[in-house]
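**Q** Listed below are the residues making up each chain.
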Amino acid sequence: MSAKIKILERKGSSLYERLYLFEVFKGMAVTFRHFITNFLDNSKLLVRHYPEVKPEIPVRWRGRHRLTTHEDGTMKCVACYMCQTNCPAKCIMIEAGERTDGRSEKMPVRFDIDLLECIYCGYCVEACPMEAIRMDTGIYSVIGEERQPFVKGLDELLATKGAFTEEEYKKGGA
Amino acid sequence: MSQLDILLIILRVAFGAFVPLCFIAVLVWMERRGAGFIQDRSGPNRANIFGFRAGGLVQNLADAVKLVTKEDVIPGHVRHKFYFVLAPVILFVVSVLSFAAVPFADILVLDGKEYMMQAIPTDLGILWFLAIVGFAVYGIILAGWSSHNKYSMLGGLRSASQVISYEIPLALAIISVLIVYGTVNLTEIVQYQGQLLFGFIPMWGIVLQPLAGVIFIVAAFAEANRTPFDLVEGESELVGGFHTEYSSMKFGMFFMGEYVALFTSSAIIVTLFFGGFQIPWLSTETLVNNARPITVLIMLLLPALAYFFVKWINKNNKSHYARPDDPRVREAQVYTKVVWGLVIAIEIVLLVYLIAVSGGPADRILVTFLQILTFLVKTTLMCFVYVWVRWTLPRFRYDKLQKLGWEILIPLALLNIIVTAAVVVALS
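Those protein sequence lines, which keep their order, are chains A and B. Heads up: the first sequence is residues 1 to 174, going by our numbering. Heads up: the second sequence is residues 1001 to 1428, going by our numbering.
Check before you lean on any hint, since a few could be wrong.
Claimed, not checked - Footprint (simulated), chain A over chain B, 3 or more residues, beta carbon under 8 Å:
1) 1033 to 1039
2) 1070 to 1076
To be verified - Okay, the calculated beta carbon distance ranges per label pair:
3) B:Val1385 / A:Glu166: 55 to 61 Å
4) A:Ile57 / B:Gly1051: 28 to 34 Å
5) B:Gln1039 / A:Val24: 16 to 22 Å
6) A:Glu95 / B:Arg1397: 56 to 62 Å
7) B:Val1385 / A:Ser13: 26 to 32 Å
8) B:Gln1039 / A:Tyr140: 19 to 25 Å
Rather than coming from a laboratory, the hints here were simulated on the basis of the structure. The beta carbon of each residue, even a glycine, is placed where N, CA and C say it ideally should be.
Construct the complete structure from the given sequences, taking the supplied hints into account.
**A** Take a look at the structure:
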């Protein structure tokens, strides 16, 4: 069975179209329709009044990172350097140390993410074998007046909670 | 020279100088909000003074403060600093000057003396406009050349060739219009347009010379460097074109000059083709002779207009999301009071006129005001067409632009001259 081929007629070669002026008027009619509807009733504008009305963040949306923990509060991260190696922006800086809670051998003593370098690609999340790093915080706006606060350390990453429940997250397919 | 002479000179020059400047703010606002509405977004509507946003007009104030207080950089590689600084000045001054010969009302007769309502009461009319507006390109070329930057240079060169190409159809279109009107004096041209064709159609230029009108409007778009002919600053190819290297108020001068030029070319289009200050079907003499009934009519119409305006304000000036004690509703209430206050003030003035001073010179002054208002309304509508076209049409490719100018507009304009001349000779 051959593929369906749809031949489109090339527009713009008839005399009516080459006169250009009539097509211009048609275009202007379209823009004027938009203008007058919005001018007479500006509730029809397709805008979100942003700082007051927040956007809805879906589950798969890549927000600011966080580090997850086990139920007993110990961190999942085993300092395997997968995320750091995978990071195309080289924004993750891990320093491993000996693990004392008996879960495995290593844990990070330092885990810095430089958000000014980060491109929010989500490769760290995909690379992580322990599901220790996630981007499900729903934080889309990180503001600061200096550079230093943008480097998020271990404590802050651990303290941030996810914006979604575990079921929602799994259903999201991330 | 009597005191009245001096007063009228001051008033006319002030009108010619300040109205284009005031219109900069209106036009920038119209452009940004118009673009917003055409693209289904709202445009700048947040800047405010004590919560009063005036529909976004306050944003202009913020922009002006920003431009004035910005650092004024002259790049180190610029060799001819004098020309670099001169360029925006030329563009701005030329734009303001070219408005000087546009009549904004009919000849005002006071104490048997005639006053031409133009900033410069000259008979040169359209010749003045053509002569002055051709200078604007010097500003752009100078800016492009003295910036010592290939993008700016290309922008300047494009502008030069574009203006040369489009000045010809512009002038040719004017010639065929002048054949019909038989004068270069813009006031007389507008007076001619006050007549009626077949007794019921206003004899506007666009009715008598539709082809010349279209050619002139297209060429005027190119002259004012507006989309679809704004290759001069085509930002996708030339960064910012001729004003790439300019910052602060020097850029502001270019920006303002552009909008004054827009206003002026709208005014010229209105003067030549849309009856200038003429109110359709009401010539100056009719207006003067029927000043009283017309005043009564205005007094009746004004509250009706204000009613719909206030209704529109209250409908649109509110937050479209849940908000306790919406400040925008309070803002709208203040606007409502201001509008009705203005209406009452105007009604009182008109009432005083009707009771005390109607008949005599006051009639003529009232008619002059009405005509100025008509002229400004028409010009504003024409400016809106500029904005409207800008947000409808994409930019021309450069060779297509030249092709349109040389192969289509110029032959059409020449043909139009021949046909017009033949018809005029046959009729006379």
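**Q** The structure should be examined with respect to each hint, and the outcome stated for every one.
**A** Hint-by-hint comparison with the structure:
Three residues within the 8 Å Cβ limit are the bar, and the stretch 1033 to 1039 of chain B against chain A gives 5, so the coverage statement holds. Remark: the stretch 1070 to 1076 of chain B is not confirmed as covered by chain A, as 0 of its residues place a Cβ nearer than 8 Å to a Cβ of that chain, below the required three. Hint check: Val1385 of chain B to Glu166 of chain A, Cβ distance near 59 Å, so the stated range 55 to 61 Å holds. The beta-carbon spacing between Ile57 of chain A and Gly1051 of chain B, approximately 31 Å, falls within the hinted interval of 28 to 34 Å.
At roughly 18 Å, the beta carbons of Gln1039 of chain B and Val24 of chain A sit within the given window of 16 to 22 Å. For the hinted restraint 56 to 62 Å between Glu95 of chain A and Arg1397 of chain B, the CB-CB distance of approximately 57 Å keeps it satisfied. Val1385 of chain B and Ser13 of chain A have their C-beta atoms about 28 Å apart, which keeps the hinted 26 to 32 Å range intact. Roughly 24 Å separates the CB atoms of Gln1039 of chain B and Tyr140 of chain A, a value that falls within the hinted 19 to 25 Å.
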